[in-house]
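> Fit the two chains together into the complex; they arrive one by one in their own frames, and the hints show the way.
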Amino acid sequence: GENVEQHPSTLSVQEGDSAVIKCTYSDSASNYFPWYKQELGKRPQLIIDIRSNVGEKKDQRIAVTLNKTAKHFSLHITETQPEDSAVYFCAASNYAGNMLTFGGGTRLMVKP
Amino acid sequence: SAVISQKPSRDICQRGTSLTIQCQVDSQVTMMFWYRQQPGQSLTLIATANQGSEATYESGFVIDKFPISRPNLTFSTLTVSNMSPEDSSIYLCSVGAGGYGYTFGSGTRLTVV
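Quick mapping for you: the protein sequence lines, in order, are chains A and B. With the first sequence counted from 1, adding 2 to any position gets you my numbering. With the second sequence counted from 1, adding 27 to any position gets you my numbering.
Bound conformation, chain B alone (with noise of 0.2 angstroms):
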């Protein structure tokens, strides 16, 4: 299965500023998706992120308040635009490389104060 770099490992912004999360894998794939795990709670879709194509986001999510990168079969930025307290959570990347055993990033844990 393939294998996600993800960083930062946590970050403690302040609201109305932006932080880029970046992830790398090891492998080429086709998706990558980037999910949000409010306290306490499951993984929820933000978007999911295909390489020379716009990102497709999930209702409830924007692309002005989580634009997505995706340059290459490798790489994928999320940002978390305009921060306040509500969008502390762990933010995660994930690839489904061959198809099945997806595999997560180890998170980002951002606190917004």
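Excised from the complex, chain A in its bound form (with noise of 0.2 angstroms):
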């Protein structure tokens, strides 16, 4: 089955830089992933997602890049805000409406 591997498992960023957090993948058959943020208490939300059909995405301050041959992809915030302080996840799935497997996850803390 599908193995996602998430880096780092912390990441601490002064307000106003980027972060980048950066996720592998094992099935090459896998043509979904999106990126979540999770907030103490509350449930995963969705902020960002890229088909393999392409390279990058972009959405305001957010953006993935997806390398299919390396079989890894990557969220990049830029300008970093301390509402951007959360865990957040990858995640991969192999086809449309298919199940989801997660990476471990990487604990954000943007410091003002």
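Check before you lean on any hint, since a few could be wrong.
Claimed, not checked - Cβ-to-Cβ under 8 angstroms is the rule here; a few derived chain B residues that face chain A:
#, residue
1, S69
2, Y129
3, F131
4, S133
5, G134
Read the hints as simulated data drawn from the structure, not as lab findings. No residue lacks a Cβ here, since even glycine has one placed at the ideal position from N, Cα and C.
Below is the structure:
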């Protein structure tokens, strides 16, 4: 089955700096890669996703890149703000509607 | 994206008892997923629930411990049976309406004492 690894497990940045979280996956059949933000005591919220036919996607301060050959994808957050502090999870799925396999999570702390 | 109502939001249960968690979706979906999130950990898939067939369980999870019902395309329940303190976790249901954009229920925080 699919295995998703995520690094780093914790990340501390100064407000205004950029943050990068990286994930690798094992199943070359995976074709959908979402990122979730989970604040304390709340459900995971989808913040951005990318499909395997696209190399990069951007939404305001958030971007995701995908390298299918290397089987890794990354989340980039620019101009970080204290409200970006949360746990971020990457995930992978091998076809539409199928289960997601999650990475281990990254605790991002943005220091004001 | 689909909206999921999950209940209860939290419960404290005695060991040896069972708890049933319900998820109601505002649209029809083929597959519903049940995840467990242990304290400070990531999400682990328990099982996939299809309407009209038995749920498919992941390695380490068995039907006797986590029976699932899926009576129609908008509703599912997960029961945590014969609970022990190790079952204390957050349980979440999820759907992938339209194939992408998976959403989650608000979660059930279970504490077993």
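> Next, verify each hint and record whether it holds.
Here is how each hint holds up against the structure:
no., hint, result
1, S69, "holds (5 angstroms)"
2, Y129, "holds (6 angstroms)"
3, F131, "holds (4 angstroms)"
4, S133, "holds (5 angstroms)"
5, G134, "holds (5 angstroms)"
Hint compliance for this structure: every hint is met.
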